[in-house]
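Student: Residue strings, one per chain:
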Amino acid sequence: MIAIEHLTKRYGSTTVVDDVSMVIERNSITVIVGTSGSGKSTLLRMVNRLVEPESGRVLIDGRDTAHEPAHLLRRRIGYAIQGHGLFPHRSVAENIATVPHLLGWEPARIRSRVTALLEALQLDPAVFARKYPHQLSGGQQQRVGVARALAAEPEVLLMDEPFGALDPIIRDKAQDDLLDIQRRFATTIVLVTHDIDEAFRLGDRVAVMSAGRLLQYDRPEVLLKHPADTLVARMTGLSDRAMRLLALTTAGEAVVPGASDGPGVASSASLREVLCELIWRGVDSANVVDAAGAPLGRLTIATILAHGRPS
Amino acid sequence: MFLKSLCVAAALAFVAAAPSRAAVVVSSKLSSESAMIGEMIRLLLNAAGIPTIDRTRLGATPVVRRALIDGEIDLYVEYTGNAGFFFNIPSDPAWKDFAKGYELGAKLDYRANRIVWLTPANASNAWALAVRHDVAAAHHLRTMSDFARWVSSGGNVVLACSAEFANAGTLRSLERTYGFRLRPDQLIVLAGGETAATIAAAAAGTDGTNTAMVYGTDGGIVAANLVLLEDDRHDQPIYAPVPIIREAVLKKYPQIAALVKPLMQSFDRQTLQALNARVQIDGESVDSVAADYLKRKGLIR
Amino acid sequence: MSVLGVPVGQPRSARATARAARIDRLGILLTLLGATALVLLPFVVLKANRIAPGDPRALVEVLPRWAALGTEALLVLVAAVALGVARARARLAAALAGIVAVALAVAHAAALLTPPGNAVVRVAPGAGFWLLASALGLMAADAIARLRPGPAMRVLALAAFLAVAGLALAHGTFDSLSIMREYAVNADRFASEAQRHIALALGSLGAAVLLGLPLGILAHRVPRLRPAILALLNIVQTIPAIALFGILMAPLGLLAAHVPWAAAIGIRGIGAAPALVALFLYSLLPIVANTVAGLRQVSPAALDAAHGMGMTPWQALARVELPLALPVILTGVRIVLVQNIGLVAIAALIGGGGLGTFIFQGIGQTAIDLVLLGAIPIVVLAFSAAVLLDALVEALDRGRR
Chain A
1 MIAIEHLTKR YGSTTVVDDV SMVIERNSIT VIVGTSGSGK STLLRMVNRL VEPESGRVLI
61 DGRDTAHEPA HLLRRRIGYA IQGHGLFPHR SVAENIATVP HLLGWEPARI RSRVTALLEA
121 LQLDPAVFAR KYPHQLSGGQ QQRVGVARAL AAEPEVLLMD EPFGALDPII RDKAQDDLLD
181 IQRRFATTIV LVTHDIDEAF RLGDRVAVMS AGRLLQYDRP EVLLKHPADT LVARMTGLSD
241 RAMRLLALTT AGEAVVPGAS DGPGVASSAS LREVLCELIW RGVDSANVVD AAGAPLGRLT
301 IATILAHGRP S
Chain B
1 MFLKSLCVAA ALAFVAAAPS RAAVVVSSKL SSESAMIGEM IRLLLNAAGI PTIDRTRLGA
61 TPVVRRALID GEIDLYVEYT GNAGFFFNIP SDPAWKDFAK GYELGAKLDY RANRIVWLTP
121 ANASNAWALA VRHDVAAAHH LRTMSDFARW VSSGGNVVLA CSAEFANAGT LRSLERTYGF
181 RLRPDQLIVL AGGETAATIA AAAAGTDGTN TAMVYGTDGG IVAANLVLLE DDRHDQPIYA
241 PVPIIREAVL KKYPQIAALV KPLMQSFDRQ TLQALNARVQ IDGESVDSVA ADYLKRKGLI
301 R
Chain C
1 MSVLGVPVGQ PRSARATARA ARIDRLGILL TLLGATALVL LPFVVLKANR IAPGDPRALV
61 EVLPRWAALG TEALLVLVAA VALGVARARA RLAAALAGIV AVALAVAHAA ALLTPPGNAV
121 VRVAPGAGFW LLASALGLMA ADAIARLRPG PAMRVLALAA FLAVAGLALA HGTFDSLSIM
181 REYAVNADRF ASEAQRHIAL ALGSLGAAVL LGLPLGILAH RVPRLRPAIL ALLNIVQTIP
241 AIALFGILMA PLGLLAAHVP WAAAIGIRGI GAAPALVALF LYSLLPIVAN TVAGLRQVSP
301 AALDAAHGMG MTPWQALARV ELPLALPVIL TGVRIVLVQN IGLVAIAALI GGGGLGTFIF
361 QGIGQTAIDL VLLGAIPIVV LAFSAAVLLD ALVEALDRGR R
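Residue numbers (this note's numbering), protein chains in the order written: chain A, 1 to 311; chain B, 1 to 301; chain C, 1 to 401.
To be clear, the hints were calculated from the coordinates, so they are not data collected in a lab. Backbone N, C-alpha and C fix where the C-beta goes; we use that ideal spot for every residue, glycine too. Some clues are possibly wrong.
Selected chain C positions facing chain A (in silico; Cβ < 7 Å) [unchecked claim]:
no. : residue
1   : 301
2   : 302
3   : 305
4   : 308
5   : 309
6   : 310
7   : 312
8   : 323
Assemble the whole structure, with the sequences as input and the hints as a guide.
Tutor: Okay, here's the thing in structure tokens:
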């Protein structure tokens with residue numbers, strides 16, 4: 001749905017983005033990961049033309065983004081950044097309503113959209129709509145930032161380190177919420193982060209960048225099992241790649257028929273979590289149960305270990 | 001749209017300004033005497049059916065003079081001796097004579113600026129000395145010559161004056177003309193040039209002061225019971241109040257000259273002192289003193 | 001342990017220190033000032049006429065016995081509160097009571113000392129009155145500060161004070177005082193000059209904002225220009241006001257003489273025009289500098305978000321940058337307004353009008369009361385402007401960060 005073709009950007013003598021091409025599928029989450037200075041943020045900002053490329057182009061649904069005025073393009077693309085960038089002088093509701101206002105929506109439609117988004121992000125509209133950003137906690141501000149980015153029902157959502165300012169406990173919840181939102185609104189999300197775990201957790205496909213170049217762009221398990229070069233391998237983690245691989249699969253996906261004694265493990269838990277639980281309990285296997293508690297099968301340590309190797 | 005309404009507004013302002021151009025803009029300096037005479041002239045013109053605009057108490061001399069020459073005001077009360085400074089001939093002996101000074105100033109101003117000098121008042125507002133009444137009575141002091149005689153014969157004079165008076169030449173000039181000399185311990189030099197302070201010092205006898213530097217028509221002289229010493233040898237230039245007007249305006253309203261003449265001729269030094277006293281000492285308003293004087297003199301009803 | 005928490009058996013000095021620590025330090029200063037004012041300095045000055053130096057009179061000499069004793073007793077009470085009471089409301093009440101008492105005392109004294117029907121004698125407030133009023137005012141201001149009122153409360157307090165003072169003046173309470181005598185003589189001129197004064201201050205401010213705001217935005221957007229613009233304005237700022245007025249007279253006079261419509265719309269070499277132009281020039285630097293500073297402190301994340309969401313540069317300026325820079329810009333406006341209210345006084349020298357005419361006439365005639373008639377309203381105007389704008393800035397700031 002988004003085709004990035006040979007994007008290059010230079011600042012002075014430095015090439016910040018070097019001939020990057022990739023195709024992002026509709027209704028997916030693509031995570032661009034890299035260290036600082038890798039050009040990932042610049043690449044993201046070239047999608048909505050906050051940065052204009054030296055050469056190359058971006059096609060959204062086959063249309064070149066350079067062919068319409070930049071500000072009109074951006075009103076169709078959601079944009080959420082680190083530090084959220086909420087407008088301090090506007091209320092939460094007014095912040096969220098920014099792009100709908102720019103698009104000229106009717107007030108009634110804006111109001112209902114704001115309410116719906118606040119509820120979707122678990123912020124009680126009655127309480128939060130009238131508050132101001134400085135009255136919110138960091139986590140609440142981040143959620144409002146996401147709501148604001150989604151307000152005009154964009155098909156594409158760009159996010160630049162959206163969870164960077166959150167502490168670890170909230171960050172996990174926020175990432176879960178994002179997955180939830182993506183499913184609910186069927187948005188195509190392009191997210192930039194420096195955290196490889198976050199990339200693997202969220203991304204359907206992950207693009208690894210370094211020094212402006214795109215090193216590899218594939219599904220997480222492919223990056224783990226078949227890294228394109230040592231740089232990618234180092235970034236995805238050499239010492240604990242097995243654990244990372246296990247984290248990619250859920251118990252429900254790896255369950256085998258059978259039954260065990262003792263309490264079960266949730267089918268939504270990752271194999272890594274199940275392995276740790278089994279070690280902690282000092283047992284070899286456990287039942288896998290679904291959300292309602294009904295048994296789906298079992299997992300043994302041996303089964304789990306098999307998933308942790310490149311096959 | 002905005003530009004158009006701006007143009008309309010400007011045009012209207014121009015039109016609105018037009019009729020008021022027929023009115024005579026009467027101005028004056030900041031001092032109460034010139035404001036008072038200016039106000040009297042304005043009331044006279046009004047009574048004769050000439051519309052006026054009141055811009056009295058406009059500013060200091062250079063400001064008011066500039067305004068007249070540029071045509072922004074039409075008439076104000078100047079002092080004859082000042083022409084010496086305007087035309088850079090302050091030491092010309094003509095200034096020391098009332099008639100000659102007036103003629104010289106009128107001629108120069110007309111030639112240079114087309115400004116007409118109307119009838120002057122025969123009262124000089126120049127710097128002068130005034131002594132306490134009791135001292136004047138005791139030593140028979142009426143003129144500067146009397147004063148010089150008294151000082152030279154050892155009189156215990158103590159003069160309060162300003163630094164400018166003492167150092168910029170006025171005192172020296174008087175001493176030379178009248179043949180006396182004041183010692184430093186006979187002088188009390190005050191900062192600033194306010195004659196109200198010197199008059200107050202002489203009246204109260206502060207530090208033995210019995211003589212004050214004054215302006216000839218100061219209102220405080222009579223109130224403080226001082227006697228003004230006459231400049232019998234004409235050492236100082238005469239500063240007689242004279243209304244001056246732009247020629248163009250006078251041509252439009254030639255009757256102004258005739259209207260102003262009886263007013264200016266009614267003034268002498270004592271009259272001006274008394275009028276100034278009402279404003280400066282008693283605190284009456286310039287406007288009410290002016291109107292009252294005109295009524296009493298039968299110049300307006 | 002004793003009741004005070006100081007161990008019993010401690011030397012007396014320790015307990016005395018504990019008690020002495022509760023005596024308010026400001027109260028000590030104010031009591032000393034007030035006592036000096038009351039005892040050593042004249043309360044009023046009785047002048048035989050407008051410009052005579054005058055005789056000093058103390059409070060006890062000018063008021064009937066009961067009034068004098070009552071006033072002094074009240075002032076002693078106020079001093080006691082100033083020294084020993086910590087509660088801000090009580091201190092404020094005491095200070096206000098003292099101010100009212102002293103004001104009424106001076107008004108009454110003036111009325112008593114003026115022989116009936118005599119319009120020449122002048123009774124002026126003496127140094128003692130001013131010092132006493134200042135000390136009481138300081139006590140009130142300190143008490144208000146301790147209460148830490150919000151912006152709305154401060155404006156209300158100012159309005160209340162002005163209303164009460166205005167009522168007292170209108171009612172004629174102070175009519176016997178020398179300053180009010182000068183006012184009586186100049187009443188109609190006072191109104192027009194005051195209007196002129198405010199118009200000049202506000203007009204020059206308005207013009208400066210109209211040009212300075214865009215100039216500041218330009219200096220912010222084009223960093224290359226910023227040092228040049230600010231340097232130029234700095235140079236203008238260093239020219240003394242009177243000199244600038246004088247410098248402007250000639251070119252404006254030329255303009256008025258040679259351009260036909262210029263004079264019609266009021267451009268002249270003297271009067272309001274050069275004053276307005278000079279004030280406008282002086283006002284530019286604070287406006288431009290504060291606009292630049294205000295825009296610089298706008299959160300870059302908010303601005304990036306604004307652009308990223310699809311606002312055009314103008315929309316971002318209008319909806320995000322300027323609103324967020326507003327508190328800093330308004331601070332610049334406050335600086336300019338207070339500055340201009342003061343500077344307009346000088347416009348009187350070049351025929352510009354305003355309350356300065358009374359100041360300069362008073363100087364020329366050695367009539368201090370006339371000078372005060374011009375000066376005191378200027379101070380009140382400047383103070384009110386400062387309070388109002390500060391409250392506005394604070395009110396805007398509160399809903400922001």
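Student: Of the numbered hints stated previously, which ones are contradicted by the structure, given in increasing order?
Tutor: none
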